[in-house]
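I would like the entire structure built from these sequences, with the hints used as guidance.
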Amino acid sequence: MMWIEVLSRHGEVVARQRVDSPEARIGRAFDNDVVVNDPHVAPHHLRISRAVDGELVAEDLGTVNGLYAEHGARRVTRLTLAREPGIRIGRTILRVHDATHPVAEEKPLTPPGAHAIWGAGLGGLLILLLIVVQWLNMTQEPSPNLLLLPIVGFVIVLAVWTSFWAVLSRIFFGQARFALQLRIAVTACLVFLAWDQVAEVSSFAFAQRDILEYAGLGAWAVLAGVCYAHLRTIGPRHMQAVMSLVVVLITAAALMQFFAKSETRRLFGQRANLGDLRPPQLRLVPLATADDFFKKAEGARRRVDQARVKEPTPGGLLSDFDLAD
12 MMWIEVLSRH GEVVARQRVD SPEARIGRAF DNDVVVNDPH VAPHHLRISR
62 AVDGELVAED LGTVNGLYAE HGARRVTRLT LAREPGIRIG RTILRVHDAT
112 HPVAEEKPLT PPGAHAIWGA GLGGLLILLL IVVQWLNMTQ EPSPNLLLLP
162 IVGFVIVLAV WTSFWAVLSR IFFGQARFAL QLRIAVTACL VFLAWDQVAE
212 VSSFAFAQRD ILEYAGLGAW AVLAGVCYAH LRTIGPRHMQ AVMSLVVVLI
262 TAAALMQFFA KSETRRLFGQ RANLGDLRPP QLRLVPLATA DDFFKKAEGA
312 RRRVDQARVK EPTPGGLLSD FDLAD
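Residues are numbered in our numbering as their position in the sequence shown, beginning at 1, plus a constant of 11.
No wet-lab data here; the hints were simulated from the structure. These figures come from a predicted structure and were not determined experimentally. Hints may be right or wrong, so weigh each one.
Here are the simulated distance ranges between beta carbons [to be verified]:
no. : residue 1 : residue 2 : range
1   : VAL296    : ALA205    : 20 to 28 Å
2   : GLN186    : PRO33     : 24 to 32 Å
3   : VAL296    : ILE142    : 26 to 34 Å
4   : GLN268    : ASP109    : 52 to 60 Å
5   : MET149    : SER213    : 18 to 26 Å
6   : GLU81     : ALA205    : 40 to 48 Å
7   : LEU256    : LYS118    : 41 to 49 Å
8   : LEU298    : GLY164    : 35 to 43 Å
9   : ALA115    : LEU228    : 31 to 39 Å
10  : GLU81     : ALA115    : 13 to 21 Å
11  : VAL320    : GLY164    : 26 to 34 Å
Glycine is no exception: its CB is placed at the ideal position from the N, C-alpha and C atoms.
So this is what it looks like as C-alpha cells:
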C-alpha cells in the first residue's frame, strides 16, 4: 500500500490517493491511478513501483517535460523516494509515502478564546505602561489630553496593523485569527517599549550617547521579528519569498539609518545631551569634575575660534550658495 499526495503551490496537501496495487501510474489520462490536472503533465507521465530492496522508486515514462526532485533542478529518469519523497512533474508537486511512513506527534490545540484573553491582558498592560512612561517624560503640568491623546493614536495604529495582518491571514490561510495577530502585535510593542527604556537608562547610566543614537537598530530588529511571527501564523510555506523581501527591506532601512547617523555625527558632532533625564541613583559613571568640564569648554572655544578664521574647504555643505552677498 502507498499514499500519493498532490500538493498546492503553497505546499498544502490538496488531494491524497491510496493505492493498493504494487505500482501506481500518474498522468492526465483517466486510466491512471492518480489523475493530475496539469497541461504540462503527459497523459501517462510517471510510474511508482518498489525496487528490489522494497524502497519506492519513481520512473519517467518518456515524457517531454520529464521528472524532477521536488527541489531539484536536474532532470532525471529514475528517482529513489526513500529520503526525499517529493517529486515534480510539470507544475505539480507530488509526495509518495508507504503505510510505515512516520508522522509527527499531534500539536497542542490552543483553547478557543485563549489568544483573545492574552491579547486583552497584554494590551491593558501595554496601555498602562505607556501612560506611566508618558507621565514620566512630561515637562509641563499633566492633563488628561496630554496623557491620553497619544495613547488613543497608538491604539488606532495598532488596530490598523493588526487588521492588515488579519486580512492577509484570511486571504492566504482561510482564517483571519485577529486575536492571535493582536497578541503578536502587542507583544512586539512591549518588547520595543522595554528596549527603548533599557537604551535610555543605559545611555544615562554609562554616559554613552552612542547607545541612544543607535538604539533604533534594535527597533528594526523588533520589526523584523514581529513580521516573521505574523507570517508564521499565515503559514511557513506561504510567505517565504515575502519574508525574504521584508528582511531585505528592513536590513536596508537599518543600514540607511546607521549610515545617516554616522554622517550626521561626522558633520555636526554628537548630541548635546543624553536624552531624557533619569534619577541620579541610576548613574554608574562618576560625574566629571568642574576642572575637567572647563578644560573641555576651553578646548572647544579654541577650536571654534580657529574654525571661524579658517578658509572654508571647497566642496563643503555651503559650496553651492553665494555667500559673498
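Checked hints:
1. VAL296 <-> ALA205: 20 to 28 Å: Since VAL296 and ALA205 have Cβ atoms about 23 Å apart, the given range 20 to 28 Å holds.
2. GLN186 <-> PRO33: 24 to 32 Å: 41 Å, violated
3. VAL296 <-> ILE142: 26 to 34 Å: 31 Å, holds
4. GLN268 <-> ASP109: 52 to 60 Å: The hinted range 52 to 60 Å holds for GLN268 and ASP109, with Cβ atoms some 54 Å apart.
5. MET149 <-> SER213: 18 to 26 Å: 22 Å, holds
6. GLU81 <-> ALA205: 40 to 48 Å: 42 Å, holds
7. LEU256 <-> LYS118: 41 to 49 Å: 28 Å, violated
8. LEU298 <-> GLY164: 35 to 43 Å: Given a distance of about 38 Å, which is inside 35 to 43 Å, the answer is holds.
9. ALA115 <-> LEU228: 31 to 39 Å: 37 Å Cβ-Cβ, so the 31 to 39 Å window holds.
10. GLU81 <-> ALA115: 13 to 21 Å: Cβ of GLU81 to Cβ of ALA115: about 19 Å, so the range 13 to 21 Å holds.
11. VAL320 <-> GLY164: 26 to 34 Å: Cβ of VAL320 to Cβ of GLY164: about 50 Å, so the range 26 to 34 Å is violated.
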